[in-house]
Each structure stands twice: as structure tokens, then as C-alpha cells.
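Could you put together the complete structure from these sequences and hints?
Take a look at the letters that make up each chain.
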Amino acid sequence: MDSKLENLLRQSSALWRGSDISSRKKGISSGYPELDRILPNRGWPRNSIVEIMVPQNGLGELQLLLPAMSSLSRSKNWLVWIEPPFLPYAPALEAAQIDLSHLLVIQLQSDGRQTCTQDIFWTAEKALRTPGCGMALLWANNIKDRTVRRLQVAAESGQSIGILFRPVVEQTSPAALRLVLKPAEGMLQVNIVKARGTCHHKSVKINFSLN
Amino acid sequence: MKTEELFGNIIPDSVDRQVSFSARQSIKEKLWLCLYFPNLVLEALSLPEPELQPYVVYEGAGGQSMIIDVSLAACSAGVASGMTVGAATVLCPALIAVPRKKKLEKKLLRSVASWLNQYSPEISSAETSSKKTLPKNTLLVEIGSSIRLFGGISPLLYIIGSGLNKNFSLTSKSAVAPTPVASYLLAKNIDFYLAESKSKNKKNEVLVIKDRSSLRSILGKLSIADSGLADKAVKQLYSSGVKVLFDMWRLPRAGLVRRFGVELLDWMDRVLGFEEDIQVYYRAPETFVKELALLQEATTTEELKPVIYKLLNYMIRFLREQDAAIESFTICLKHEGDKISANTIRLASVTRDKERIKLLINEKLGSIRLSQPVLGVGLQATEILAFKAETSDLFAFSTESCESRIDHQSWAQLIEQLQNRLGLNAVQFIDVVSDHRPEKAWCYRKKKPLKSKKLLPLLQRPLWLLSTPQSLKSRDGCLYYKTNILTLVKGERIESGWWDGNDIRRDYYVARDNFGGQYWVYRNLNSKTEAARWFLHGVFA
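Protein sequence lines correspond, in order, to chains Y and A.
Okay, so the first sequence: first residue is 1 according to my numbering, each after it adds one.
Okay, so the second sequence: first residue is 1 according to my numbering, each after it adds one.
FYI, nobody ran anything at the bench for these hints, they're computed from the structure.
Computed from a predicted model, the values in this text were never measured in an experiment.
Any given hint could turn out to be false.
List time: in silico DSSO-like cross-link candidates among lysine-lysine, alpha-carbon distance up to 27 angstroms [said to hold, decoys possible]:
1. Lys-339(A) x Lys-310(A)
2. Lys-205(Y) x Lys-194(Y)
3. Lys-243(A) x Lys-126(Y)
4. Lys-76(Y) x Lys-446(A)
5. Lys-126(Y) x Lys-232(A)
6. Lys-364(A) x Lys-144(Y)
7. Lys-243(A) x Lys-232(A)
8. Lys-126(Y) x Lys-182(Y)
9. Lys-103(A) x Lys-126(Y)
10. Lys-76(Y) x Lys-448(A)
11. Lys-473(A) x Lys-528(A)
12. Lys-107(A) x Lys-232(A)
13. Lys-446(A) x Lys-126(Y)
14. Lys-210(A) x Lys-290(A)
15. Lys-290(A) x Lys-166(A)
16. Lys-290(A) x Lys-354(A)
17. Lys-339(A) x Lys-126(Y)
18. Lys-126(Y) x Lys-305(A)
19. Lys-446(A) x Lys-354(A)
20. Lys-447(A) x Lys-76(Y)
21. Lys-358(A) x Lys-243(A)
22. Lys-103(A) x Lys-173(A)
23. Lys-358(A) x Lys-388(A)
24. Lys-182(Y) x Lys-482(A)
25. Lys-173(A) x Lys-106(A)
26. Lys-290(A) x Lys-310(A)
27. Lys-473(A) x Lys-182(Y)
28. Lys-490(A) x Lys-182(Y)
29. Lys-205(Y) x Lys-482(A)
30. Lys-107(A) x Lys-173(A)
31. Lys-205(Y) x Lys-490(A)
32. Lys-388(A) x Lys-310(A)
33. Lys-173(A) x Lys-101(A)
34. Lys-126(Y) x Lys-358(A)
Here it is as C-alpha cells:
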């Protein structure tokens, strides 16, 4: 009886069980061992949305993702930057060994038309669903939970990582992994506020050295 | 005197021709399929129930109107071509007389020619040939060069025959021969030849003569009256005892020239292939434009879909016939008062892939807001390009797996979709440029940038660049960004660009504020005033 039930439960993909954490698929290494240690997948989880709440631009939020982006880029995965707040600077990206032939920059304003939030999310969803998408980075305000859930589904079907940058710290969100970034004495403090599958929230300080 | 001269010239010349012909023969043998449409005049009008109604088509007006084509029903009532409409009405009171429409005939022939283009590039009709040697209701198709592609002559003839039946309601007779005129003569008189042969399936029979040397004896049986020569020449020949073509073949050439002129000899040489019969080929229109009116006003784009798909089918067929492809096309929506709204769709690469174009149409329709109801839809492709079958880049992907090749395709399609929905400038690649000036060291690109570039060795660069440097306040020897004091860490002087008038002299620094932000700032050494010397140019994010 027990084994039959076990089998039935195992077949259902909608059911998530806490005991699955240990057998989880390994994510993409963040390039920072101290961060990998506390991330639930020992890296950035493929197939989910990661919400990064950062109060101001320029704290090192891209630096945090750069090693993972560069390793995805080396294995010919695509990177899509949607509505970045500034110009992504090609020489710096090239220096970080990011393949510029697999990087798309989507800027809606540049066309002279009004930014339509619906278009932004549509783009993100399309990109996340397309096979071969490594990471889609999205800068957006006022994103609804429903949209995040849609993006989460898109990331799952495309086996891709969706990064959602949000300026304000929201209390709740359907994203699988939520991080809050804070500056701390010349370092970057990463607090995990939510990680699907764990209930203990850890934080780590990362030191970026600019040489 | 004059005939003597002609005599002297013609004979050696024609002997020469025979010699040169046999030398040429081995190089390339042309084979002509002649499609003869005996009832084109009537069928072009596409009248209802053509089998049952007694139709006649007449030309000319008033008392001179002459019948030029009759339907089967009218024919059985005794009406024949050449009668006046008045006389025919007496024979058959139910007669329906329709005026001839030459334009429709031309249009129909053109559409058949355009359809035939997918089987051969060389098609000629009365319209194209400059000498007007071809009768108006025939098309000539050079199939000699297509035989191998379609796996033999009979499969090719079968494809053409069945396709013709399926797509056009035209009665056709066809024959294949090595010369254009011979193929026409055979097609026109096919009933005569089929009556001779013992073949049972006479309906779809195509007479095929591949050998030039047998033309003489086969065509020889034809009566002079069926030769398609001018009436005057036929009468003259008849009165001199030439009843069938064979009689003519046997006459000495010199005598023929003297009595009937060079034209007849010329015609004879063209029939038998002693002289090349140069054809001018049909050329397809260079743009695709088609419109359909809606039965009912459409207020949503969803209602337009079936019509646009239908137009798309026409366009794909057109492209296939031309062996062409497109890079962009336009959907025109017609509103009341002849207002037209055009929506251009651009494709990332030259294509005629129906499913791919369909996807883009759906995407485009999703983003169109109809401000007024639509009465008609048109599809236009003005730039028709040569079609190249999609080949996977042999070298670019030789080291990658098959899977990544599929990825590559789906990304090309994604970029196409994004560009069509968001605008061409919204979707871009970025690339590095070999220049020391930070603002000129990068650029946008519409297409994938190439890899492996020679890069300038650069110091640390920020990931974010401001499109226009932001002026920073400096007060009491301190530099401020917003309200935070910046501490400068490292410096680098960039001095470049004197050659193109955009020269810069700047000292760049990495600057930190107390809250963990890292910035790229510079001091403009060219600046005259102290106030506007410091600028923020990048953010280390």
C-alpha cells in the first residue's frame, strides 16, 4: 500500500516534497564559493526566477552574476538583457569573457514609443521559453505576482534562469529564490529571504576586488 | 535578276546551317512541350455550366459580329465558328452570346505561364515572342532541361497535366517535340495522330517525339490546311498540287523560294529544326500584390486571420513558382473611404517558409489595434529575392552539436519576432570597437557581431555606461554624487581622437561612495571652467 502511494506521489510533477532538496539538480555555480554554499542548488537554480532586490544600482549586482553569465556564455547559451537602466558596456563584458554574439539587449524606449510594460514581460517570457536561453535579466518596476508566476513557468519550460531586479523590497513574491543586496563595509552582503525548499535564511558577505 | 541573286545566296547558306546544326545538336538538345488551348476564348470567360449552356463568343459589333468560339451545347445545335450571331440565333434560339474579352484570355495565359515557371524557366507565349509566330492560345515550355530533375519525361508530363487540371479549368492538348513549331503542329492536330495510333487511353495522351530526324516523316502526313500557314500560302500551295506537308518537303528548295518566298523556307527550316527557332521567354512579374475584399466588415484582427492566411498561400505559391523568397512584406488593411493602413513585417533572413511567416503574421496581428473596421486586406511583397535553400553554416557550427544548431534557428526566429513586435531598434547586439575613447569603444549592431577581435588592452571598465556623462558637483575639494562624497581610487589618462575632431583629454578614476557604490568618473582636462570639470561616466555594478 505504502509503496503504491509512494509511486503515485512520485509520478505527480505538481507535488513538491521537502525531502527532494538533497536530490536536486545542481545549479549554475555563481563563481563565489561562499555564496554557492548557501544557495539551495549550490548555485543559481536553472529553471527558475531569481528576484534580486537592490536599493540602488551599482552595488555590484551585475558583478554577482558575471561569473555565471560568463560560464553560460562559454557554453553558447544566450543572455538577454531587458530594459537595462544604463548602457551595457561592451568592453567590460568582453573582458569578462562574455560572448557578445550571444547577448541581446532589448531597449524599448530607443524606438521612440512609449514603454509598454506588457511588451517587456512578453519579451521576457518569450526569451525564457526559447531553448538555449541561459539567463534573461529583467529590470522592471511594479511587476505583479501573476506575471512573476508566468515567468516562473516560462523559465521552467525553457530550463533558463530569469533574473528580476527590483528596486524595492517586497514582502512576498512567487519567485523561487529571493535575495536582498546591501552594501557592507566595502563588501556586498547577500541575504537570502526566500529559497524554495529551505526555511532557514542565510546571508553572506562577498568581497569584490577591483583590480 | 533578283530571284537569281536570292537563289545564289540561299542554297549554300542553308547547307551551312545543316552542318552547323549537327555540330550543335550534341551540346544541348531542347525539347518543347506545347500546350494548346483550343477553347481558351470561351473558357477564359469562366461562364457558369460551360458543359450544358449553349454559349457563343463573338467578336465585332452590330451586323459584323462574328462567332469565334462555341460551347459543346451550341455546337450540337449546329452553330459553328465563323457564323454571325444573327444566323446562329436562328439555329439555336436559346443561344447565349458573350463578347470576347482578350484581356481575360491574356490574364489566364499569364497565370498558367507563371504556374508553369516552377517546372521550367523557359516559357513563351504569343505575348512574349516578338515575331508573333505563336498562335494566341498556346504556350511553349522548354522541358529538355527539367527532365532529369523530375525523374524522366513521363513523370514530368504527368505532374504538369494533373496540375493543369487541378488549378485551371482549361481544355488542353499537348505534344512534345524538339522544335517549337513542330510541337505546336503536333499538339494542334493531336486528334489526327491519336486516331492513327492504337493506344486505348486517348484522353490524356501526350504525343512525344524526341528525335529530330523522325519529324520529317511524322509531320509529313499533315494536310497543308492544318499547317497553320497563312491562308494565302495554303491556297497557293494547294493549287500547285501540294496537299500534305510531305509534298512540300520533297520540293527543291530553290524552287520553293522562288515561288513562295523566303518565309516559307524559313518556316520549313524551323519546323524541322534546321534553323534554331529563337523564343522570347515569359518573365514573371517582379512584385507580389494581391487583395481580397471581406464579405463582412471586420472589427477584430482575429477575423482577418483566415483571409490573410489565404493571401499567404497565394504568396507562397507565387514565390515557389518564381523560385524566389522575400525579406519583408506588407499587410495592407483597407478602411472606409479608401484609407489604407500598412503594416510591414521584416524577416531576419530571406525565406519562403510558410509556418515561419504565419507565426510573424500572428504576432503582428496581435499588436495591431484596429481603430476602424476593415473592408479589405492586401498582401504585398515588393522586393522579390532569389531563393536559397537554408543551409546550416558548415564552418560556424562544425564544432557544435546538432542541438545547438536547432537553438540557433529558434533564436534567429525569436529575434525576428521581437523585432517585429518591439521595433527594429529595440532589439540589438552590442559590440566592441577598437578605440580608446570610452564612448566610442562600443557600438550597437543589428546582426550578430563576429568573434575574435583584436582588443585594446584596457584597464578595468564599468559594466554600465551612461549614454551622456552626468556632471558632478565638486565643493571644497570634495566630489559629490547625489549627496554622497566620492573617494577617488585609481586614475588613468585617456587622450585620443585628435584626428577626427572629437578629441578628448580626460583623467578617469574609479570612485567609491560610503554606501558601496562604485563609479567611473573623469575630469575633463579640456574644460575651460572649473565648474564643469567632473563627470560621471559609468557605474561598476
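Against the structure, the hints:
| no. | hint | verdict |
| --- | --- | --- |
| 1 | Lys-339(A) x Lys-310(A) | holds (22 angstroms) |
| 2 | Lys-205(Y) x Lys-194(Y) | holds (17 angstroms) |
| 3 | Lys-243(A) x Lys-126(Y) | violated (78 angstroms) |
| 4 | Lys-76(Y) x Lys-446(A) | holds (19 angstroms) |
| 5 | Lys-126(Y) x Lys-232(A) | violated (75 angstroms) |
| 6 | Lys-364(A) x Lys-144(Y) | holds (25 angstroms) |
| 7 | Lys-243(A) x Lys-232(A) | holds (14 angstroms) |
| 8 | Lys-126(Y) x Lys-182(Y) | violated (31 angstroms) |
| 9 | Lys-103(A) x Lys-126(Y) | violated (50 angstroms) |
| 10 | Lys-76(Y) x Lys-448(A) | holds (13 angstroms) |
| 11 | Lys-473(A) x Lys-528(A) | holds (16 angstroms) |
| 12 | Lys-107(A) x Lys-232(A) | violated (31 angstroms) |
| 13 | Lys-446(A) x Lys-126(Y) | holds (19 angstroms) |
| 14 | Lys-210(A) x Lys-290(A) | violated (40 angstroms) |
| 15 | Lys-290(A) x Lys-166(A) | holds (21 angstroms) |
| 16 | Lys-290(A) x Lys-354(A) | holds (17 angstroms) |
| 17 | Lys-339(A) x Lys-126(Y) | violated (34 angstroms) |
| 18 | Lys-126(Y) x Lys-305(A) | holds (22 angstroms) |
| 19 | Lys-446(A) x Lys-354(A) | holds (24 angstroms) |
| 20 | Lys-447(A) x Lys-76(Y) | holds (17 angstroms) |
| 21 | Lys-358(A) x Lys-243(A) | violated (62 angstroms) |
| 22 | Lys-103(A) x Lys-173(A) | holds (22 angstroms) |
| 23 | Lys-358(A) x Lys-388(A) | holds (20 angstroms) |
| 24 | Lys-182(Y) x Lys-482(A) | holds (19 angstroms) |
| 25 | Lys-173(A) x Lys-106(A) | holds (18 angstroms) |
| 26 | Lys-290(A) x Lys-310(A) | holds (10 angstroms) |
| 27 | Lys-473(A) x Lys-182(Y) | holds (26 angstroms) |
| 28 | Lys-490(A) x Lys-182(Y) | holds (24 angstroms) |
| 29 | Lys-205(Y) x Lys-482(A) | holds (26 angstroms) |
| 30 | Lys-107(A) x Lys-173(A) | holds (19 angstroms) |
| 31 | Lys-205(Y) x Lys-490(A) | holds (24 angstroms) |
| 32 | Lys-388(A) x Lys-310(A) | holds (24 angstroms) |
| 33 | Lys-173(A) x Lys-101(A) | holds (22 angstroms) |
| 34 | Lys-126(Y) x Lys-358(A) | holds (17 angstroms) |
Going down the numbered hints, you'll see the structure goes against 3, 5, 8, 9, 12, 14, 17, 21, while the others check out.
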